[in-house]
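Sequence order for the protein chains is C and X. Read in order, the letters of the first sequence correspond to residues 1 to 399 in the working numbering. Read in order, the letters of the second sequence correspond to residues 1001 to 1596 in the working numbering.
Certain hints may be false.
Unchecked claim - Derived list of chain X stretches under chain C, where covered just means 3 residues or more per stretch with a C-beta under 8 Å from a C-beta of chain C:
1. 1484-1496
2. 1510-1517
Unchecked claim - The following residues of chain C were derived to be distant from chain X, with all beta-carbon distances above 12 Å:
3. 34
4. 37
5. 46
6. 77
7. 137
8. 159
9. 207
10. 208
11. 211
12. 260
13. 286
14. 330
15. 347
16. 369
Since the hints were derived computationally from the structure, they do not count as laboratory data. Every residue gets a Cβ at the ideal spot worked out from N, C-alpha and C, and that includes glycine.
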Amino acid sequence: MRPNVMTSIGKALLGFFNSLKLTVALLILSILLIFAATLDQVHLGVWGVQEKYFRSFFIFTQIRGTGLSLPIFPGGYLLGALLLPNLLVAHFCRFRLSWRKSGIWMTHLGLILLLVGQGLSGILQRDNQMRIDVGQTRRYTESFRETELALIDVTDPDHDRVVAIPMARLEGKDPIRHAFLPFAIRPVAYYPNAQLRPRAQMPSPLPSLATAGLGPDVAVEPTPITYKADDTNFPTAYIEILGKDGSLGTFLVSTMIVERQVLTYEGRTWHMILRPERDYLPFSLTLLKFTHDIYPGTDIPKDFASTIRLRSDDARDDREIRIFMNNPLRYGGRAFYQAGYANNDRTSVLQVVSNPSWQVPYLSCALIALGLAVEFGIHLFGFFRRRPTGESSKLAASP
Amino acid sequence: MRKDFPLALSALALIWVGSTLLPQGSSGPVDLNGFGRLPALVDGRLKPLDTVARTGLLMLQGRQRVVAPGGHTVPPVAWLLDVFYRPALADSYPVFRIDHPDVLSLFGLGTGDAATGVRFSFVQLQPKLAELDRQADLATPVESAIRTPFQRAVIELRDHVAYYARLKYTLEPPEASDFLAELDDPARLAADRTSIESIRDFSLLRVVPPALSPGRPEQWQNVGHVLLGGPDAGTGAADPARRVRFFAGLGQAWRAQDSATFNSQLAGYQSDLAEHFGAVVRKCAWESYFNKAEPFTTSMVLYLLAFVLAAASWLRWPTELGRSAIRMMDIGFILATTGILARMWIENRPPVTNLYSSALFIGWGSVGLCLLLERINRNAVASAAGGLIGFCTLIIAHHLSLSGDTMEMMRAVLDSNFWLSTHVVTVTTGYAATFLAGFLAVIYILRGVLTRSLDRRTADSLARMVYGIVCFATFFSFVGTVLGGIWADQSWGRFWGWDPKENGALIIVLWNAAILHCRWAGLIRQRGLMAMAVCGNIVTSWSWFGTNMLGIGLHSYGFTDAAFYGLISFVATQILLIVLVLLPPARWRSSPAGPA
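Next comes chain C alone, as it looks inside the complex:
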């Protein structure tokens, strides 16, 4: 009997996903989701909204006073996950392949591709930035949001040895060990966002957890994570360095502390800093010139442009490139966009995106546009051909 049960479940599922009513319901739910997310941007900012509404299966709300979270609305992933089989089933079970249906075919194939592509982008896309001064050469990009703890052995004057630990590891409790490190790192406390102030300025500061480095002089005030576009989070942590014979002290690390803290152990000097996560490139960029034009008599920006020299490690590329508004540099699987400027026009800020699936939307949208044009073109043609005969009571509907 099992195969029969499976078949009937399969049939029921097929029937469920083959329904146009499901499509309509999903479309309307998507509209409501996007509308709510747009309004909520005022509170959460665009990044927070994406996490809460679109990169989630359910939207939760907290019941006041209980700390209980209840799912109240399907999230973007769930709607996408339902829409995709809905489209696939309709595509392969409902539409017969014929010239008359070719428009519908292309439209839905394009939509499937678009959904898959956006899902892939969500997983694969990395957004970094590169801040570069005129005359400077950079061979790495920095993450907007992720941070890392860098431990740099500077004993050798010729080269540094760097061990970078992702911030996520500091959120745990287990000591972190690495083959290159002669000591272990024990996370003591972690704050995703905090304000740091000199203890001397505080009226009655709490005792510091730090015993070494800059930490003992600094008061830490944990603050909620901010999602606002123009605010920055300052991740902060206390870490204890454990040598072979016990603790070497507890240090305070934070992205608010820009200078490196020094640690000497077994005759070697280590620098310690919490910094944006880096992505090293197989090539280097040198900023030769940055220009920032405004319209005369105003402060409305007219154009920003960075003239860059690109040199690849394999020495095959060594050329000058101009990156400006709407004209990114695509190289080495990454795209470099002119995002902004700082420091009185001496620093250019480039946004660096790597997204292996960046061409998918182009392809899918071309398919959909063509499909819609064909579909409605057929309607329009039929409409004009039928009109003079006076047949008017039936809608030119139902493809």
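Assemble the complex: chain C is given as a structure, and chain X must be docked to it using the hints.
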């Protein structure tokens, strides 16, 4: 007589349109038009002083006409001349509009203190300017999203007063009594250095062209630059100094109201300018003519007339009134097309560059589609819808023009004629089509529920039109949204960023797709289609305006935020219409369609 009605009406309309397009002479002996055509570099664009005067007045007081305390009307350019040359007189003109009662009481003023209702003069404001400054300083640190209406009103008024004060420092120091003599007397000029420095640093207008023609726009200077030898004064400074003398001489003549001297000096200067800066002078002359012709106001009236005639044709004289409605739409449409083309030529831009021009274009696109539809189904329905949308969008455009010059420069990331002409135009066409489907549905509902004029034939033809337009709208809003995504990918590296405006466009696409799928699934018939199309009006108006309001804060709509209340009342009327369409067919006065 009845047969000739369309022809006679068209002839009348054409005569009227012709009269608005005729170049008008100055109302007095002084050549105000000639002065209004002089170019100045303002906000990064070379524009005629006529535009400066009109947009300045619109911004300060919401209209172009100034009513002097004596009751006589002062034309915009004459007002600007007074601000430049007779500031004491200009200070007495009521050109500051104040609506907020608390701001009025700040100045100890009431609406009874204004001869013209809500407009006050600089003289009336002067005693309490320090207090205004203090209040605005208090309000400035508050994040713009959460400012109270009062805070926004004081900041706005201070900006207006500052704008007016800077306008006075343009051609000569406001306190100079005889600037022409002063120019010849180095000692007096040196004594007046502070004022001239104020002109150099604060003047909004750069009226002096570069020494060498044609020069770049940024080489235009203000009077202060020339006199003090600013950074750009460099080469051939003798020539710019001569132009400063010209403006001082013109001031002398204006103060004396010596029209003969004024006109002859102006004519000399104009021909000199035309010789060296011909292209700029021609463009400014055209723009000044365009300002006076006001083609959009004329077509607004014609669209309204078309709507009224089309609606009337359902009750009486269907052929004649219907034909007249089409003629009015035709004339209004041609006029609006010319206006949009003229703006494109003046700006060197595609048709849609900001919210104002999107309103013009949505109206234009809808009316264009309606003219097409009306030729397919001659039942005056599309004329009525087109007339109504054309009229409404031009009203909206008029209100949007109150915030200043409608031909502003494009920020760097938007400065791409290719994307402006593809993405923006396509997506705006999508908006226009969605509105059109919605307004056709409105006509279906009102005629069906309130009159007996909606017979089966008309109802079916309306349903066909709505369905076709929704298809059209789906296509254009989808392609437009996608092109926007591609533009975003080109400039920011992400195809989709969930920005409010992007979301708004996506919702329109999804809504149109939902309508089509409901129709195909058999979930809706005629009345359901109409209800959903009307809902499309809500969706589109939110995407067009609501998303922009989010930028200024979701919870900050005050008493003065007319746009927000406009949007809310529009949505309320649309909801009412949806309720009407859902009434059981027995309650309809016409019974065209049967079940929903």
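Going through the hints against the structure:
Counting residues of the region 1484-1496 of chain X whose CB falls under 8 Å from any CB of chain C gives 11; the rule of at least 3 is met. For a cut-off of 8 Å, the count of residues in the region 1510-1517 of chain X with a CB near a CB of chain C stands at 5, and the three-residue condition holds. Separation of residue 34/C from chain X is inadequate, the least Cβ-Cβ distance of about 5 Å not exceeding the 12 Å criterion. The Cβ of residue 37/C sits about 7 Å from the closest Cβ of chain X, inside the 12 Å cut-off, so the non-interface label is violated.
A cut-off of 12 Å between C-beta atoms contradicts the statement that residue 46/C is not in contact with chain X; the least separation is 6 Å. For residue 77/C, the condition that its CB be more than 12 Å from all CB atoms of chain X holds, with the nearest at approximately 14 Å. Residue placement check: residue 137/C keeps its beta carbon more than 12 Å from all beta carbons of chain X (closest about 22 Å). With a minimum CB-CB distance of about 33 Å to chain X, residue 159/C clears the 12 Å threshold, and the non-interface call stands.
Residue-level check passed: residue 207/C sits 35 Å from the nearest beta carbon of chain X, beyond 12 Å. Non-interface call for residue 208/C relative to chain X: holds, since the shortest CB-CB distance, roughly 33 Å, exceeds 12 Å. No Cβ of chain X comes within 12 Å of the Cβ of residue 211/C; the nearest lies about 41 Å off, and the non-interface call holds. Annotated as non-interface, residue 260/C keeps its C-beta farther than 12 Å from every C-beta of chain X; the closest such distance is 31 Å.
With a least CB separation of 21 Å from chain X, residue 286/C remains clear of the 12 Å interface cut-off, as annotated. The claim that residue 330/C is not at the interface with chain X is violated, since a C-beta of that chain comes within 12 Å of its own (minimum 10 Å). Remark: the non-interface label on residue 347/C is consistent with the geometry, its nearest Cβ contact in chain X lying 17 Å away (cut-off 12 Å). A Cβ of chain X approaches the Cβ of residue 369/C within 12 Å, the least distance being about 5 Å, so the stated non-interface status is violated.
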